[in-house]
Structure formats: structure tokens, C-alpha cells
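**Student:** Once you have looked at the hints, place chain X on chain P.
In order, the protein sequences belong to chains P and X. Quick note, the first sequence lines up with residues 1 to 462 if you use my numbering. Quick note, the second sequence lines up with residues 463 to 756 if you use my numbering.
Please note that a few of the clues may not be correct.
[Said to hold, decoys possible] Distance condition first, Cα-Cα at most 27 Å in a straight line; then the derived BS3-like pairs of lysine-lysine:
id: 1; chain 1: P; residue 1: Lys455; chain 2: X; residue 2: Lys643
id: 2; chain 1: X; residue 1: Lys631; chain 2: X; residue 2: Lys533
id: 3; chain 1: X; residue 1: Lys614; chain 2: X; residue 2: Lys631
id: 4; chain 1: X; residue 1: Lys581; chain 2: X; residue 2: Lys597
id: 5; chain 1: X; residue 1: Lys565; chain 2: P; residue 2: Lys265
id: 6; chain 1: X; residue 1: Lys565; chain 2: X; residue 2: Lys521
id: 7; chain 1: X; residue 1: Lys521; chain 2: P; residue 2: Lys265
id: 8; chain 1: X; residue 1: Lys614; chain 2: X; residue 2: Lys581
id: 9; chain 1: X; residue 1: Lys614; chain 2: P; residue 2: Lys455
[Stated by the list, open to error] Sample of chain X residues at the chain P side, in silico, Cβ under 8 Å:
id: 10; residue: Met557
id: 11; residue: Lys581
id: 12; residue: Val585
id: 13; residue: Glu586
id: 14; residue: Ala589
id: 15; residue: Gly592
id: 16; residue: Phe595
id: 17; residue: Asn599
id: 18; residue: Phe601
id: 19; residue: Pro602
id: 20; residue: Gly612
id: 21; residue: Ile615
id: 22; residue: His616
id: 23; residue: Leu618
Quick caveat, the hints were computed from the structure, so don't treat them as lab data. By construction, the Cβ of each residue, glycine as well, lies at the ideal position given by its N, Cα and C atoms.
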Amino acid sequence: MHANNLLLLLLAFAAAAFYVGRGRANHIAKLAGGSRQLHSLPDYHGHYTALCCGLPAVLLLILWIIFSGHVISAMVLDSLPAGQFLGDPGGRELLANKIANIAQGVLPKANQPAILVAAAEELNRLTQISRWSVTALASCVSLVGLIWARSRITPELQSRPRVEASIKYALFFCACVAVFTTFGIIFSVLFESLQFFQSVPVVDFIFGLEWSPQTAIRDDQVGSSGSFGAVPLFVGTLLVSAVAMVVAVPIGLMSAIFLGEYAHKSVRAYAKPALEVLAGIPTVVYGFFAALTVAPFLRDLGQGYGFSVSSESALAAGLVMGVMIIPFISSLSDDVITAVPQSLRDGSLAMGATHSETVIRVVIPAALPGIVAGIMLAISRAIGETMIVVMASGLAANMTFNPLDSVTTVTVQIVTLLTGDQEFDSPKTLAAFALGLVLFLITLILNIIALKVVKRFREQYE
Amino acid sequence: MNTSATFGVGTPSESDFRDTRDGDMSDIGLTKGHVTVGSVEIQAAKITARGVNIFYGDKQAIHDVNVDIGKNQVIAMIGPSGCGKSTFLRSLNRMNDTIDGCKIEGDIRIDGEDLYSPKLDVVELRARVGMVFQKPNPFPKSIYDNVAYGPKIHGLAETRADLDEMVEKSLRRAGLWDEVKDRLFQAGTGLSGGQQQRLCIARAIAVSPEVILMDEPCSALDPIATARIEELIEELSHNFTIAIVTHNMQQAARVSQRTAYFHLGRLIEVNPTEQVFTNPEHSLTESYITGRFG
Chain P
1 MHANNLLLLL LAFAAAAFYV GRGRANHIAK LAGGSRQLHS LPDYHGHYTA LCCGLPAVLL
61 LILWIIFSGH VISAMVLDSL PAGQFLGDPG GRELLANKIA NIAQGVLPKA NQPAILVAAA
121 EELNRLTQIS RWSVTALASC VSLVGLIWAR SRITPELQSR PRVEASIKYA LFFCACVAVF
181 TTFGIIFSVL FESLQFFQSV PVVDFIFGLE WSPQTAIRDD QVGSSGSFGA VPLFVGTLLV
241 SAVAMVVAVP IGLMSAIFLG EYAHKSVRAY AKPALEVLAG IPTVVYGFFA ALTVAPFLRD
301 LGQGYGFSVS SESALAAGLV MGVMIIPFIS SLSDDVITAV PQSLRDGSLA MGATHSETVI
361 RVVIPAALPG IVAGIMLAIS RAIGETMIVV MASGLAANMT FNPLDSVTTV TVQIVTLLTG
421 DQEFDSPKTL AAFALGLVLF LITLILNIIA LKVVKRFREQ YE
Chain X
463 MNTSATFGVG TPSESDFRDT RDGDMSDIGL TKGHVTVGSV EIQAAKITAR GVNIFYGDKQ
523 AIHDVNVDIG KNQVIAMIGP SGCGKSTFLR SLNRMNDTID GCKIEGDIRI DGEDLYSPKL
583 DVVELRARVG MVFQKPNPFP KSIYDNVAYG PKIHGLAETR ADLDEMVEKS LRRAGLWDEV
643 KDRLFQAGTG LSGGQQQRLC IARAIAVSPE VILMDEPCSA LDPIATARIE ELIEELSHNF
703 TIAIVTHNMQ QAARVSQRTA YFHLGRLIEV NPTEQVFTNP EHSLTESYIT GRFG
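So here's chain P without its partners, still in its complex pose (with noise of 0.2 Å):
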């Protein structure tokens, strides 16, 4: 039986463990004299049983998913005379993968020789047999636990905390999911980025000023050597962030203060959502709303004023990506201002401060930390963002801190680096890895100082 079926009817075991469970102890709980005689009431009775009949069934049909191949392909091979292998060590890998083929037919067997088809027959039929015997195994153990588990039910029988605890398991396994997840892309990309700089100087890639990612593919191609200095990036990635803050911050916070502080109950029902609807939005429109109405609209408004403009501008895109931010920033900020206590609100009106006094210096400092939260999300958000940079600032790795220029960031060069074939051994493909480990250090540092920051200022009001 495939997999995904045998998990399939493992789940349908368990289902109907659970009534077998929950059907046992309302029978003994009859014949106690209700079903206070009970430790756990019923339903944890059934729980249990689910558990006991599912669980390790199931962790036997994961173990043998990451196992069986492994051990039916080495059976296989070891079971062909030694002479067949290449000499070098993927060799065994290739013959694995060819026989597979074979066995499952992409591989016409004609043309193969005899020896692999054999191989290959033998591999289908040892394939079969473990199927089978592990969807007889698993049965079995689902079956072994159920009988099991209800023989256990008794008046006595603490089901609940059992249950409980199994809870707790699972919610430590979904956290560790996120963990561990965190963790294998750093993995991947800093063991990709060490590849990267094997070729390239650290110390070239960091403070390197130019970039021009081009390496040949053959040696008499032209431009064969490229300069990998991410200054210009990063300068550029700053530049946009830092616009698009100048427009987010203040216009969120205000926007913000005005729904918390100052909007009556039935402006602030329909404001908070419309302004949340921002958020909603997906960036690839933000992007050609960048490109083709505010970029156009900056250049014809830069030659009116004498100005030149570049229609891919650092300005448009930054402009547009704070219009983006802007959600998280009133959002967030908005939540930490309502929630500041209404009696510190009174205590400082009591005084004769006036609205706006209050909020500057009673309101403001103590949702502060949630505030500067709401801005490092944002932060990070604006030097993440991809998709209005790759549309409306332009290619061009200019080291420039003028926002009518267009400029390019790092993650629109690791777009254009990453998209299409590429080969996964030439510097230029590798340093899209290097540069999104750069990128991630700085966000991290970022945050690291906002909450050294906050940790500092805040005003603790509990």
C-alpha cells in the first residue's frame, strides 16, 4: 500500500480508536455509577485511546518513509557483482538512480544491459515487499495499541493529564518546526556565501565599490572578469529604505495617534480597516504603480522644476513603498496607544494638560516600545521588500546618495542573479547567497539595536 494511504487509514484507526475508547469508559462508568466515578470523563478516554492506537503506527510509517529506500537501493547494489561501479564515489549514486529509472520505466528496457534489468526487477519486487509488510506492521502496532489502551481503561486510569502533556509535545514540535526551519535556510545560505568566498575576498565583497556581476562562461568571452563590491547595493537598498521610512513614519504614527487618541468610535470603525486594506494590496501592483504613474509623474514634475529626474528613480520607488508600510506602522503603533490605561490619560488631563500635551508627553513614551517595534518591522520590511524595487529604481549599481537617481538593491540583484538557468558553481550565481547572508546580519543588528534602544527609553507602566 503507498503511503499516503496507509497514513490515511492509520488516521480512520485512530478515529474509530477514539469511539472504542470513549464507548469503553462510558461503559465503565455506568457500571462505577455515572461518570463522576471517573478520573478523566470519557472524551479523554477516547483521546487516549486515539493516541495509543495512531501515534506510534505512525512514527513506524515515517521512520521506514526516511529509511526504506536508502536500505532497498543499497540491497540492490551490493547484490550486483563489484565490477559494475564506476571508480569514483558518485558513481554508486548514478547506477542507484539508473536502475530506479529502469524499474520504474522512464528507462526503456531494451537497450539496457540484462544485469541492470535484473537489478531493476529485483528492486521493484523487494519495493513491493516492504509495502506490504509495513502497511501489515503498521496495522498491527495500531491494532496492538488500541486493544492495548482499552484494556487499560479503568475508573482509575488518569487519561487527562496523559492527554495533556501530548498537547504540550505537540505544540513543542510545531515550535521547533519554526526553529529549525530559521535555521537550515541560515545554513544553506552561509554554506553557499563560504562557497562565494572561495573566490572572491570577503573583504572585496564588503567594501568593494563597484558592481558589475559578469564572469564568462568560456575564456575567450569579453568582460570576463567581474567585480563583486556590494557597497553600491547596499547604499542603494539604504537609500530606498531610508525614503520610503521618511514617508511611513510619520504619516503612520500621526495617522495612528488620530485613530487612537482623536477619531470618534465610528470614524475609527471604518479608517482603521481602509487603511489596512493597504496592506492587502500585493506589492507587484504597488511595483507598475511605482513604474508607470509615480516615476513618470517625479521626472515630469524634476523638468519642471529643472531638476533631472531618472525615470527609474530611488525617489518613486521609496515614495511607494512607504505608501506599503504605512499599515504596519499606524497598525501596530495604534494597538500599543490604545492599549496605554485610560487612567494615565486622566491623571495628566487632571493636571490641566490639554489633549495634545497628553499625548506628547504621557501617551507617546509609554507606547513607545511598541512603537519602535512597529517601525523595525517596518525597517525590515522596506529592506526585504523586492518587488517595487525591481520595477520602479532601475538595474543600475549607481553609488549614489541622490534620490533622483535610480540605484539598485540588494535583493533586486539577487533576483536578477537567481532568475533564469543558472549554474550553481560560478561566483555570480553564488553571491546572490552572500549578499542575502549581508542582508540578513544587517536586519538582524538592526533589531538587535532597536531592542537595546527600547530596553533603554521605554516607560513601563505596570
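**Tutor:** Showing chain X alone in chain P's frame:
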């Protein structure tokens, strides 16, 4: 008035409580057009309230209250929960303005000036009529900044030295100076509950108000902290006019010169404190202070 005629002798039955809550007031000696008994008017009044009605939406919380608050005196407002005493207190410095749907009718004057006149500046009024709340609510700032808050926003101090002096003076008057003089720049929220409440009083008196309103200032404090605050109220009453809402009748008896008894949004009786607690004029007042309900 004769209490036995309205409540009978002994413990009131369940229905007596319900009757008082439901507002069917005729059988407990309270009529729709109830007129406050005792001495509503007083010589040298600081605040005069006449015909005050307060509404929360459609619900009327205060019915036709008339009372004078004497200068440099303490008036205690007592009464069962929900009788409107806090609502009335908050109307004296227009803190009810911050509550949606709260509407006030009638005439409240401080030194003859109409509190609810459109010309009156609320900010200036609140600087003259300070308030201390039920739960200590120091700002999440240092002790110094808490006390300096009022002087700063009203521009009372010209120099830093002036401000230092004001802070010290206020903390001394609130009896807190000796306890906090070595940690003026630590957070006010780190103090104990009683210290926090004295800090709030110091904060209120730092702007030299004429009147201080206190809304159950001791209800969150232990007996020792309460005793300190009561001493403080006694001292402050030489220079300030104080109106205090309290659930604690002993406290009212200890700190106040006059006592006002509220019931179901009506002011039942105002009299010198001694008389209210020894020889109340109204049967409801007597029932309340003898613990029949509340």
C-alpha cells in the same frame, strides 16, 4: 424622621434592598421631588452647585443636586455603590467631558464663575481644581518628572532651580520627601501603592490648585498607608478646599468637616460631619451609616 416607620426594626429583608435599587422610592421616604435635608448652603462657599442633573446617554445618574463646598474645608461624599457620588465629583473639574454621551444640566460655579460656560478654559479650570484618583496612576516617568509635570505644562517655573524647589516643596507637603529624596530620578511606578498615591497627591498640589478632588483615594491601600493619606488630607485642608468621595464611613468621619450623603443619584442630606454620624436628619442616612445597606 422615624426610621422604624420605613424599614421596621431589625435586619431589612431582601425586598428592602430590591426596592431601593429599583427606584420605587416612596416607601423608603424618598419622593421624586426630593429636597436635600440639612444645610445645603454655607458661608464662604468655594464651589456652588445648583440644580445639577447628569445623564449618561438616556440614563440619569444625578438628579437635581444642590450643594455648597466650603473654602478650606473637607467635604466627604458618601453613599452606596452606584449612587452617583463619583460622577458628581468628576463634574466639578469637568473630567466627565472625556466620557462619551455624558451630559450635564444645571449650574456649577467656582468663586462665582460658571464652570460650564463656553468661555471657560477647561485647561485653566483643571489647573485650579486638581484630582486624585481611586487607583494610584503615576506616569511611567521618574518621581521628579511626575511632580514636575504640572509646573512644566503650565510654565510655572522659570528656572531649573525653581522647578527643583517646587518639586521638593510638593513632595514635602505630601509627606513623601524623606522617603524618595535619594531616588528622585527612579521610576514613580516602582514605589509602593501608598507611596504612589502620595506621589499623585504631590503631583496634584504641585500646580497649587485651589480645590483638590479625591475619588476614593485610599480604596486600594492598606490601613497604614490609609492613615498617612488621612493625616495628609487633614494638613492640606488648611490651604486647600477638598472634596473626597469615600466608601469608608470612619474615614469620612475622621477627615471631613461636612458630609454629603448620596442615594440613587440624589443628594439626601448635607450636614456637619458630627451631626451626620451622631444625629442624622434623614432616615436613609441613618440606615446607611448604621450599616443597613451600602
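**Student:** Could you run down the list of hints and mark each one as holding or not?
**Tutor:** Consistency of the hints with the structure:
1. P:Lys455 - X:Lys643: 25 Å, holds
2. X:Lys631 - X:Lys533: 22 Å, holds
3. X:Lys614 - X:Lys631: Holds. Lysine 614 of chain X to lysine 631 of chain X sits at ~15 Å (cutoff 27 Å).
4. X:Lys581 - X:Lys597: 32 Å, violated
5. X:Lys565 - P:Lys265: It holds: about 18 Å lies between the C-alpha atoms, which stays within 27 Å.
6. X:Lys565 - X:Lys521: Given that 27 Å is the threshold and the Cα spacing comes to 10 Å, the pair holds.
7. X:Lys521 - P:Lys265: 20 Å, holds
8. X:Lys614 - X:Lys581: 24 Å, holds
9. X:Lys614 - P:Lys455: Holds, at roughly 26 Å.
10. Met557: 6 Å, holds
11. Lys581: Because about 17 Å separates lysine 581 of chain X from the closest Cβ in chain P, which is outside the 8 Å limit, the hint is violated.
12. Val585: Holds, because the Cβ-Cβ distance from valine 585 of chain X to chain P comes to roughly 5 Å (cut-off 8 Å).
13. Glu586: This hint holds: glutamate 586 of chain X lies near chain P, its Cβ roughly 7 Å from the closest one there, short of 8 Å.
14. Ala589: 4 Å, holds
15. Gly592: Where the cut-off is 8 Å and the nearest Cβ of chain P is about 6 Å from glycine 592 of chain X, the hint holds.
16. Phe595: Cβ of phenylalanine 595 of chain X sits 6 Å from chain P, so the hint holds.
17. Asn599: Since chain P brings a Cβ to about 4 Å from asparagine 599 of chain X, closer than 8 Å, the hint holds.
18. Phe601: With a closest approach of 5 Å, the phenylalanine 601 of chain X hint holds.
19. Pro602: This hint holds: proline 602 of chain X lies near chain P, its Cβ roughly 3 Å from the closest one there, short of 8 Å.
20. Gly612: For glycine 612 of chain X, the interface hint holds, since the closest Cβ of chain P sits about 5 Å away, which is under 8 Å.
21. Ile615: 5 Å, holds
22. His616: 6 Å, holds
23. Leu618: Hint on leucine 618 of chain X: violated, closest Cβ of chain P at ~11 Å, above 8 Å.
Comparing the model with each earlier hint shows violations of hints 4, 11, 23; every other hint is respected.
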